[in-house]
Structures are given as structure tokens and as C-alpha cells.
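For the record, the sequence lines run as chains A and B. Residue numbering for the first sequence follows our numbering, beginning at 1 and increasing consecutively. Residue numbering for the second sequence follows our numbering, beginning at 1 and increasing consecutively.
None of the hints are false.
Which residues of chain B face chain A? A few of them, derived with a C-beta cut under 10 Å, are:
(1) T77
(2) R110
(3) A130
(4) D133
(5) S185
(6) Y334
As a list, the in silico DMTMM-like pairs of lysine to aspartate or glutamate whose alpha-carbon atoms are at most 20 Å apart:
(7) B:K379 x B:E329
(8) A:K381 x A:D324
(9) A:K381 x B:D133
(10) A:K348 x A:E216
(11) B:K379 x A:D133
(12) A:K379 x B:D133
(13) B:K379 x B:E111
(14) A:K348 x A:D218
(15) A:K348 x A:E296
(16) B:K381 x A:D133
(17) B:K368 x B:D45
(18) B:K221 x B:D63
With beta-carbon atoms standing in for the labels, derived distance ranges:
(19) B:I280 x A:R171: 38 to 48 Å
(20) A:L343 x B:N166: 12 to 22 Å
(21) A:Q52 x B:G74: 40 to 50 Å
(22) B:T56 x A:S80: 37 to 47 Å
(23) B:L222 x A:D155: 53 to 63 Å
Bear in mind the hints are in silico, worked out from the structure with no lab data behind them. From the three backbone atoms N, C-alpha and C, an ideal C-beta is built for every residue, glycine too.
Protein chains: 2
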Amino acid sequence: MRILILGGDGYLGWPTAMYFSARGHQVLAVDNYLRRRAHQEAGTDSLIPIPQSLPTRAQAWRDVTGYTIQVAEGDLTDWSVVEPAFRDFQPEAIVHYGEIPSAPYSQISREHAVFTQYNNVVNTLNVLFAMRDHTPNAQLVKLGTMGEYGTPGIDIEEGYIDIEHNGRTDRLPFPKLPGSLYHCSKVHDSTNIHWACRTWGLRATDLNQGVVYGIETDETKLDPRLTTRFDYDEVFGTALNRFCLQAVIGHPVTVYGAGGQTRGYLNILDTLQCVELATINPPAEGEFRVFNQFTEQFSINELADLVQRAGMEYGLQVQVEHVDNPRVELEQHYYNARHSALLDLGLKPHYLSETLVESMFSVIERHKDRVITSAIMPKTKWRPERRVAEPAAT
Amino acid sequence: MRILILGGDGYLGWPTAMYFSARGHQVLAVDNYLRRRAHQEAGTDSLIPIPQSLPTRAQAWRDVTGYTIQVAEGDLTDWSVVEPAFRDFQPEAIVHYGEIPSAPYSQISREHAVFTQYNNVVNTLNVLFAMRDHTPNAQLVKLGTMGEYGTPGIDIEEGYIDIEHNGRTDRLPFPKLPGSLYHCSKVHDSTNIHWACRTWGLRATDLNQGVVYGIETDETKLDPRLTTRFDYDEVFGTALNRFCLQAVIGHPVTVYGAGGQTRGYLNILDTLQCVELATINPPAEGEFRVFNQFTEQFSINELADLVQRAGMEYGLQVQVEHVDNPRVELEQHYYNARHSALLDLGLKPHYLSETLVESMFSVIERHKDRVITSAIMPKTKWRPERRVAEPAAT
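Model the full structure from these sequences, guided by the hints.
Okay, structure coming up:
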């Protein structure tokens with residue numbers, strides 16, 4: 001298959017590009033290095049050093065495996081980048097990671113919020129129009145997030161819910177309570193993609209992904225030049241990845257607030273499996289399919305406990321510290337989200353274990369001289385102190 | 001009260017500015033003339049000529065009534081326009097019409113779709129940030145649309161629905177099935193505003209308005225210079241307004257498709273009442289309140305019949321023609337939408353009648369020499385002919 005990977009330079013995008021290439025698919029990876037630039041601006045960086053560009057990474061991949069990954073450097077909000085990727089490459093599947101993926105990033109300032117929504121909404125609209133005009137039978141595999149649902153008081157279904165109301169019934173989109181302006185941008189995407197499927201007959205799968213953890217895949221392990229990035233800072237680091245790093249460097253594991261916040265989690269290896277399962281089992285024409293992509297639910301306190309226990313085994317003294325929650329979210333709540341569709345397609349989960357956490361410790365340890373400790377603690381608040389309003393003009 | 005009217009130059013914005021000014025409120029109207037420019041680009045225009053700018057309109061208002069409407073010309077996607085309007089004017093209520101209001105406009109091309117979503121989403125984000133930072137206790141009165149809901153198979157509630165699922169219950173946002181990329185942009189706004197209320201404690205009312213008809217209000221009738229615009233073209237004209245114009249000029253009334261499409265409708269006089277009722281009964285801190293703002297449901301066929309009957313009375317020979325539907329929508333469907341919240345606040349509806357239609361005929365007749373007939377028939381298709389995809393590069 002011809003597979004277009006949007007955001008192909010990212011934590012998940014690059015491993016996905018290699019994963020499909022290793023299985024004989026023709027891959028084109030596109031990225032504009034937005035994540036790298038955001039790190040530069042913030043004075044932060046990936047823990048694990050990665051090659052300087054997509055062409056360098058593709059060259060290393062060719063050197064190590066003999067396989068070719070085509071690459072293109074460009075911004076998906078720019079139609080002159082998007083159109084040729086569809087018109088000339090003619091993808092059969094589009095795996096779309098090409099978005100700003102961070103809730104804290106979107107909450108830094110008004111400018112960051114506007115940019116997050118502009119970037120994510122416009123590049124996905126461009127993808128939909130490019131599909132309509134150049135590859136109407138291709139399928140979109142779009143990375144969404146479980147954070148679109150928030151924490152409702154009822155069980156979360158996979159994208160849709162049958163509602164009986166006043167004696168009538170319909171299957172409707174599951175209501176969304178996104179937790180940040182980034183999560184809102186993903187809800188906007190879902191709304192737009194669903195519309196495009198209903199109206200233009202496009203095929204799409206929205207993978208509402210949980211929090212991903214893990215560092216290594218079969219392909220990243222082949223050579224140090226094939227590694228993927230690993231973020232631990234307050235803006236791009238995800239919970240378990242950050243906790244493991246904190247444990248290794250002797251920093252307390254920082255639980256935001258009470259720690260009862262419960263979410264879905266999955267191993268990066270399962271992200272690759274899920275994206276492949278969606279791709280090889282395409283939706284029907286006009287179908288907007290939603291899968292909840294995670295394998296286990298944990299509260300933040302459970303993760304902190306796990307890291308502490310694994311640390312003990314490994315010989316690390318791990319402190320757990322509850323810090324003021326920079327986010328506005330429920331810290332104790334009902335949470336039960338269905339995640340059976342991908343299992344039905346054949347997903348074989350890699351469950352979280354102390355062994356996995358210890359293997360993450362060992363990778364992190366190799367790079368611990370690169371840690372920028374000032375980047376770890378949360379600075380970005382969901383509800384900043386209110387400025388005193390200036391008096392009205394008279 | 002100090003009331004900021006965003007989109008104060010529009011079909012509803014200008015009458016709203018006068019309505020509040022006439023009742024002793026201090027009004028600042030902001031607009032960037034986007035609607036006027038869109039008409040210029042398309043070679044179309046308002047049936048009724050309107051003064052050339054907001055300052056000219058405000059001057060006429062002062063001449064006729066002695067009241068002052070402050071005005072500002074600027075683009076709400078530009079923070080240097082939005083911030084001073086909040087910081088210096090210190091509005092207590094913000095009535096937000098400042099968006100592209102047309103489904104066909106958003107469907108003209110990729111560029112129009114992207115611009116519609118960019119414009120509407122970014123200017124509403126700017127409003128939310130300005131409220132947070134400069135007027136956190138003010139209330140937002142946001143014009144949404146009934147089109148956010150689409151045509152689900154169950155009764156439509158006002159913004160939220162109680163869902164019982166697997167033995168648990170929660171009150172959640174009513175699921176949305178928007179019918180165009182414009183309608184999607186309004187869903188995006190609702191998602192963002194709801195988030196801002198939950199997170200920052202802002203107060204907002206989303207007025208999910210039906211299709212507005214009517215030409216005159218108490219204030220527009222005071223002087224020809226105080227009139228509001230009247231659009232009948234395929235892009236900005238709404239169904240009943242367009243039908244009345246077609247009847248007057250001897251053009252067949254053009255029903256799109258089978259004509260069973262049912263929507264909520266209201267008189268422009270009731271728009272003004274509803275906006276006032278929302279404003280004088282503000283939501284609580286952190287409350288995102290949704291009202292369905294219409295007074296009656298009609299199918300397109302019912303409206304065409306009404307215009308035909310009123311035409312008979314008035315001495316017009318009205319033909320009804322079913323044309324290919326340029327939209328992708330159900331042409332026969334269940335539709336039952338609640339609209340009791342505004343009635344409970346005291347709304348006294350002006351129901352649609354043959355008399356009202358005849359009074360519209362008479363206003364339209366005065367300006368019928370200005371009609372651009374080539375602008376009436378639909379050219380913008382929701383599902384354009386698919387281009388033949390070009391072959392893959394080898």
C-alpha cells in the first residue's frame with residue numbers, strides 16, 4: 001500500500017513510518033518540524049537525541065534496512081504542500097499525526113491557543129479537501145484523543161451512543177467534554193471529518209488514543225540513529241514517561257492534585273498495531289469509524305505507585321509528591337471507557353508491568369546527562385491569575 | 001448597560017445596536033464589513049441600499065433619535081482590535097454576531113471553507129480571552145444556529161440532554177450533526193465557549209437561532225437611512241426572504257429538492273426580543289446556557305405554499321419550482337425541536353402570517369429595480385463533481 005504519514009517526524013510518526021516501511025509498504029512521511037521548533041523556543045529538548053532531519057532519518061533507515069521512506073518537509077496548513085502529497089503520491093491510506101499534540105501548549109497563552117486550533121483545524125481541512133479531490137477512495141486514519149470525551153458520568157462508548165429519548169431512538173455522536181483548548185481542537189477535527197464522510201463519502205477512522213508510554217519499538221532498536229524522540233517536559237511529556245524519568249534522576253514523581261484522575265493508557269507498540277489494524281481493515285465508503293485506542297485504565301496515583309514499586313526493584317529511591325494541579329479537571333471521578341473494537345480486529349495488547357517500567361528506566365539512564373530539570377515542573381496554568389481589569393474609558 | 005455588538009453592521013447586528021440604544025443602553029458596534037466585501041467579490045448586493053459605513057449609520061441614528069451608538073471598524077481575528085474593545089469599553093454584555101453566517105459561502109471552495117472556520121473560530125477565541133482578561137463578569141450572548149443539531153431522529157433539546165446509559169445518568173451536550181462546514185464552525189464555537197465557561201467561570205448564552213425572516217423593526221422604520229440590509233442571493237439569502245423576493249419579481253419560488261426539509265423560523269422582531277431577554281436575564285458564573293431561538297417549525301414546501309397563497313391575495317402569480325438540491329441533506333425527516341426556554345423568559349412571538357408576507361412583498365416592491373436575478377439560483381454545490389484523480393507519480 002501507499003501510505004502517507006503526516007507528522008512523520010514525531011514521537012509516534014517516525015516509528016509508524018518505519019513500521020509500515022519494514023512491512024513492505026510504500027511510505028511518504030511529511031513534517032514541518034513544528035515540535036522541534038516549539039522545543040527550541042521553550043529551551044527544552046527530547047531526552048534521546050534524534051537525527052537532525054527527516055532526510056537524515058530516512059537515509060539511516062535505508063543504510064540499516066535497505067528500505068526507502070520518502071520524505072517531504074512542509075507545513076500542512078499550506079495547500080501547496082498538501083496538494084502535491086496527495087496528487088503525486090496517491091496514498092491509499094493517510095495516517096494523520098500532523099497536529100500539535102499538547103494540552104499545556106495550547107494553554108500557554110492566547111497566541112498558543114489560537115495557533116493550536118488554527119494549525120490543527122486547517123491542516124485537517126486541507127487533508128479532507130485533498131482526499132475529496134485527489135484520492136476519494138483512500139482512507140484517513142486520524143489520531144484523535146480520549147481527552148475529547150473528558151470525564152462524563154456515564155460509560156464512554158466508541159464514538160457513538162444509542163440514545164432513547166421521548167419514545168424515539170437514534171445513534172448519535174457521543175457527547176464531548178474536552179479538557180483543554182487543544183482537546184477542543186481535536187473535537188473540531190472529529191466534527192469536520194464526520195461531516196466530510198457524511199457529505200463526500202470519504203472513509204475515515206478516528207483513533208481516540210489514550211496516553212502513550214514507552215520508548216522502543218522493533219525498528220527503533222535496530223540502530224541508535226533510528227530512535228524516536230522522548231519528551232519529559234511539562235508541555236510535551238506524557239504522565240508515565242515523565243514519571244519514569246523523574247524516578248531515574250531522583251526527582252520526586254509529581255502527581256498533579258489528588259491523583260484520582262483516571263485515563264486510558266497504551267504502549268507505543270500497541271499504537272503501531274492499532275494503526276496497522278485500522279489501515280488493513282478500512283471503513284466503508286462514507287463511514288466515519290471511531291475506535292477508542294488504549295488497553296488499560298489507570299489513575300495517576302496508580303501510575304505513581306507502579307513507578308515507585310518498579311524503582312524499588314531497580315534500586316531507585318522514588319518519592320511521590322502531590323503538587324498543585326495546574327489543570328482544571330476532576331481529581332476523583334467515574335471513568336469507564338469501552339475499548340473493544342480494536343481487540344475485535346485482533347489487537348494483542350502489551351500490558352503495563354514493572355518489567356516494562358524497568359526497561360524504560362534503563363533507556364532513560366543512558367541519556368540522563370541530557371535532562372533539563374527546569375523543564376519538568378508545571379508552569380502552564382489552565383486558569384491563570386486574573387489580571388485586574390483596567391477602568392472603563394470615560 | 002454597556003453592550004458590545006460584534007458584527008454590528010449586519011442584517012441583525014445593526015437593528016440590535018439600535019434596539020439597545022433606543023432603550024437607553026450604551027452601545028459599541030464593531031464590524032469589519034466582511035459581508036459587504038463578500039458581496040462585492042460575488043457581484044451581488046443587499047436589495048435595500050444601506051448607508052456606506054457604520055459611522056454614517058451611527059450619524060443617521062443620532063440625527064433621527066438623538067441617541068449615540070459608538071462604532072469601531074476592525075477585524076475580530078486581530079487582537080489589537082478585540083482587546084481595546086473590552087479593555088476600554090468594559091462591556092457588561094457582548095452580543096456576538098461577528099461571524100460568517102452562510103453555509104453556501106463555506107462550501108464555495110477549500111479557501112472559503114478554511115476562511116470560514118478560521119474567521120469564526122479565531123474571533124470567538126479572541127472574545128473569550130478578552131473576557132477572561134478584561135471583563136470576567138460580563139456575559140456573552142453568542143449567536144449560534146439550530147443547524148448545529150442537524151436532523152437527528154430524536155427530539156432536539158436545548159443544548160443538553162439527560163442520557164441514561166448502563167444504569168448511570170448524566171446531563172451532557174446534545175450531540176451535533178452540522179450540515180455544512182459553516183455549521184461545523186458554529187459547533188466548534190459552542191465547544192470552545194462551553195470549555196471557557198467550565199474552566200474560567202465565564203457566563204455565556206448560546207442562542208441556537210432558526211432561520212430569520214423579515215425586513216423591518218421599530219427602529220429601521222424610523223428613517224430610510226436606518227434600514228437594515230436584505231439579502232436574497234444564493235449565498236446570504238435565507239429561505240423565506242428569498243421566496244418573497246422571487247414572488248415579487250415573478251421568479252419561480254425555488255424549492256431545493258423535495259422540500260420536506262423542516263427547520264425552525266423566527267421573525268427578526270423576535271431575534272431582538274430574544275437577545276434582550278438573554279441579556280437582561282444573565283447566566284450564572286460558569287454557566288453555558290443554550291436556548292433554541294425560533295418560534296415555529298416549517299417545511300420548505302409549507303413556506304412555498306404560504307408565499308403562493310399570500311401572493312394570490314396580493315395579486316401576484318407565484319410559481320413554485322423544485323430544483324436540484326445543491327446541498328446534501330435529508331429532504332424528508334423527523335424534526336421536533338424544543339424551544340421553551342425563551343418563552344419561559346417572556347418571549348411574545350410574532351407568528352408567521354400571510355399579512356406579514358404581504359408586508360414583506362410591499363417593502364421588496366419598492367426596491368425591485370435593484371434585484372440582480374443572476375444571483376438567485378444556487379451555484380454552490382455541497383458535493384461538487386469529482387475531478388478525475390491524476391495518476392500516481394512513478
